[in-house]
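Using the sequences and the hints, build the whole thing.
Here is what each chain is made of, one letter per residue.
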Amino acid sequence: MNEFLNALSVGVVNASVISIATVGFSLQFGITNYINIAYGDFLTFGAFFWYAFAVGLGVELWISAVLAVLGTGLMAVAVSRGVFTPILRRRATKPFILMIASFGMAVMLENILLAIYGSSFVTIPARGNANVISIGGFQLSGNQLSVVLIVVAVMFGIRFLLTRTKLGKAMRAMSDDDQLAQNCSINTRLITDWTWLITGMIAGIAGCVLALQTVNINDTSGSSELWLIIPASFAGGIGNPYGAVAGATTLGFGIALTDTYLGGQYDIIVGGLLLGAVILLRPQGLFASARKALV
Amino acid sequence: MSYLLIVGIFVVTNMIAALGLNLQLGFGGIVNLAFILFFACGAYFTAVFTIGPPGSSQDHLLAQTYLFGARFPWPLPLIIGVLATIALGYVVARLLFRNERDDFAGLAAVAIFLICWNAVGDWGGLFNGWNGLSAIPQLYQSISQGGYESQTEMAVYLGVCAVFAAGSYWYCQRLILSPFGRSLKAVRENRAAASALGINPNQATRKAFIIGCALAGLSGGLFVQGATVWSPSTWALPETVALIAAVILGGRGNNFGSIMGIVFFQGILNEGAHLIPGSAQNGNLIAATQWIVISLTTVLVLWARPAGIFPERKRIWPKDVSRGLAKPDQVSGELLVRTVDSAGETK
Numbered sequence: 000m001n002e003f004l005n006a007l008s009v010g011v012v013n014a015s016v017i018s019i020a021t022v023g024f025s026l027q028f029g030i031t032n033y034i035n036i037a038y039g040d041f042l043t044f045g046a047f048f049w050y051a052f053a054v055g056l057g058v059e060l061w062i063s064a065v066l067a068v069l070g071t072g073l074m075a076v077a078v079s080r081g082v083f084t085p086i087l088r089r090r091a092t093k094p095f096i097l098m099i100a101s102f103g104m105a106v107m108l109e110n111i112l113l114a115i116y117g118s119s120f121v122t123i124p125a126r127g128n129a130n131v132i133s134i135g136g137f138q139l140s141g142n143q144l145s146v147v148l149i150v151v152a153v154m155f156g157i158r159f160l161l162t163r164t165k166l167g168k169a170m171r172a173m174s175d176d177d178q179l180a181q182n183c184s185i186n187t188r189l190i191t192d193w194t195w196l197i198t199g200m201i202a203g204i205a206g207c208v209l210a211l212q213t214v215n216i217n218d219t220s221g222s223s224e225l226w227l228i229i230p231a232s233f234a235g236g237i238g239n240p241y242g243a244v245a246g247a248t249t250l251g252f253g254i255a256l257t258d259t260y261l262g263g264q265y266d267i268i269v270g271g272l273l274l275g276a277v278i279l280l281r282p283q284g285l286f287a288s289a290r291k292a293l294v
Numbered sequence: 000m001s002y003l004l005i006v007g008i009f010v011v012t013n014m015i016a017a018l019g020l021n022l023q024l025g026f027g028g029i030v031n032l033a034f035i036l037f038f039a040c041g042a043y044f045t046a047v048f049t050i051g052p053p054g055s056s057q058d059h060l061l062a063q064t065y066l067f068g069a070r071f072p073w074p075l076p077l078i079i080g081v082l083a084t085i086a087l088g089y090v091v092a093r094l095l096f097r098n099e100r101d102d103f104a105g106l107a108a109v110a111i112f113l114i115c116w117n118a119v120g121d122w123g124g125l126f127n128g129w130n131g132l133s134a135i136p137q138l139y140q141s142i143s144q145g146g147y148e149s150q151t152e153m154a155v156y157l158g159v160c161a162v163f164a165a166g167s168y169w170y171c172q173r174l175i176l177s178p179f180g181r182s183l184k185a186v187r188e189n190r191a192a193a194s195a196l197g198i199n200p201n202q203a204t205r206k207a208f209i210i211g212c213a214l215a216g217l218s219g220g221l222f223v224q225g226a227t228v229w230s231p232s233t234w235a236l237p238e239t240v241a242l243i244a245a246v247i248l249g250g251r252g253n254n255f256g257s258i259m260g261i262v263f264f265q266g267i268l269n270e271g272a273h274l275i276p277g278s279a280q281n282g283n284l285i286a287a288t289q290w291i292v293i294s295l296t297t298v299l300v301l302w303a304r305p306a307g308i309f310p311e312r313k314r315i316w317p318k319d320v321s322r323g324l325a326k327p328d329q330v331s332g333e334l335l336v337r338t339v340d341s342a343g344e345t346k
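Which chain is which? The protein sequence lines are A and B, in order. Its first residue numbered 0, the first sequence is counted upward by one per residue in numbering that gives the first Met the number 0. Its first residue numbered 0, the second sequence is counted upward by one per residue in numbering that gives the first Met the number 0.
Honestly, the hints are just simulated from the structure, not real lab data.
Negatives, chain A to chain B, calculated, CB over 12 Å:
{"hint": "1", "residue": "Phe-3"}
{"hint": "2", "residue": "Ile-62"}
{"hint": "3", "residue": "Val-65"}
{"hint": "4", "residue": "Ala-152"}
{"hint": "5", "residue": "Leu-179"}
{"hint": "6", "residue": "Asn-186"}
Stretches of chain B that chain A covers, calculated by requiring three or more beta carbons in the stretch to come under 8 Å of a beta carbon on chain A:
{"hint": "7", "region": "28 to 42"}
{"hint": "8", "region": "114 to 127"}
{"hint": "9", "region": "238 to 247"}
{"hint": "10", "region": "282 to 288"}
When the alpha-carbon atoms are kept at most 30 Å apart in a straight line, the in silico DSS-like pairs for lysine-lysine are as follows:
{"hint": "11", "chain 1": "A", "residue 1": "Lys-168", "chain 2": "A", "residue 2": "Lys-93"}
{"hint": "12", "chain 1": "B", "residue 1": "Lys-206", "chain 2": "A", "residue 2": "Lys-93"}
{"hint": "13", "chain 1": "B", "residue 1": "Lys-313", "chain 2": "B", "residue 2": "Lys-206"}
{"hint": "14", "chain 1": "A", "residue 1": "Lys-93", "chain 2": "B", "residue 2": "Lys-313"}
{"hint": "15", "chain 1": "B", "residue 1": "Lys-206", "chain 2": "B", "residue 2": "Lys-318"}
Just so it is clear, the structure is predicted and the values come from calculations on it, not from any experiment. All C-beta atoms, glycine included, are put in the ideal place defined by N, C-alpha and C.
Next comes the structure, spelled out in structure tokens:
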């Protein structure tokens, strides 16, 4: 039983790293209604921007983190405006065309990093807090606790954004029906830009957290997380940012349990099985929302 | 010269794969991001039945472990490879096509790919795990049991692959002009309308998927006997993007375009990357440049000219379709069916 609880606590912690990215991914799909496979590389860029500012330019560590988050958000807006919106606006674009375009962007972004930094690992000199804290039956290190707190903060931030701000209301309207939103004089192009900025910033935060957790990052760090992020967001209900954390936690539990009882690293296989099972059996995920994702 | 022959073999076998992908993506509207899995299936099964049993004299130095293992005469391993790929394609098709959104089906395909890729890598007994299979005998080696093939023999193998490529091209052209091809295009354009006309969209899509996968398996089987090695790193997820790039650049829904796309990417681009200054020192730079150009071209084509260089040819059918395509002077005032090309332009 102790082993089981231990596995669960490990699962929660593993999940919290991808939870942040899952929230961003789900939010972006909910508003724009297409899958962005380049999201994993936004994470990698977040981490590498932090590295570039902190180590390359020598800016103070936590200010670099803030700059990295902003940089990733701006990059996301640039990608959306430059690549996806023009393709989307063509009459004959089917949803899978955008997915292929985003896959192409993902490969391109990853290889830009490969060309600049090579495939070796880089480290960001962030000393974390390694003290172990016991909460209930769970053991968490200070680092892991701060990651969990960041997840909670991001969740509350998203909720505040979506329910209390005008921008959030407009985003929700666009997610329900963008034609109708346009008729109500919501500037959908501006809202799309804001969505990408916010989800890009979330990806930047997730990338920095990933860099803290895994210490060594290289060009494939983010894209290998992507195939945990996508199953997690589908499991929680694609397009539903609140379910995203539940989905990520489910995946984290699954991975932790297979690691404990089967041994070995089967996380991608578990992610693949979860994704396949959700899409084939229950595409709306755990928390179905009446969003256009289900059309 | 033998380097050129090897490149030629790679280009020609990838042409067959591109034809299969064009059938799925261009004509069928199926986004099969797991395409390279079927290429790998054909490659593995062909290799395993060419290389001999594990631990046999052919690979005593390498100690590879894999299932099956026999030394069948060519073309038997190739046939087995294609049959195995058809079986895998049937299973995957049964799982995938269930009236969902295209892109969700694509993600389900990726999920299947990741499971299979990691399973093949982690389970060493299946196909020798992450190290993969090596010392796969080439065509003449498997007959003569000698060392590496001479240039003449490789040129002959290139000719054999070219014959297969020509045959596949002929097959795909005939397929797309057949009634099945017409119903496939109808399903691609408007599932509901096609279904109302009595076509079973899932069945048409599944058939196109399996035929495309069979072509991928054939291509993989031919490729692996030219390459003599095959490991999971050669069929990672981005490899499908390389083939998709060729099909999209050349023209979705145009077999000739897909072939030209492969000639550009595999032939010209991959070799041209070696000419970049400073690339000899930095191996990563070659690979990174190749991938950046592949992905950039894909995005640019989708951005600027989604139909590709050679757009899908518009076909006009007369009232009596049994006579084949209409010649311009035979077309009467009424045309029964007009087709739309893959860029959505109606004529």
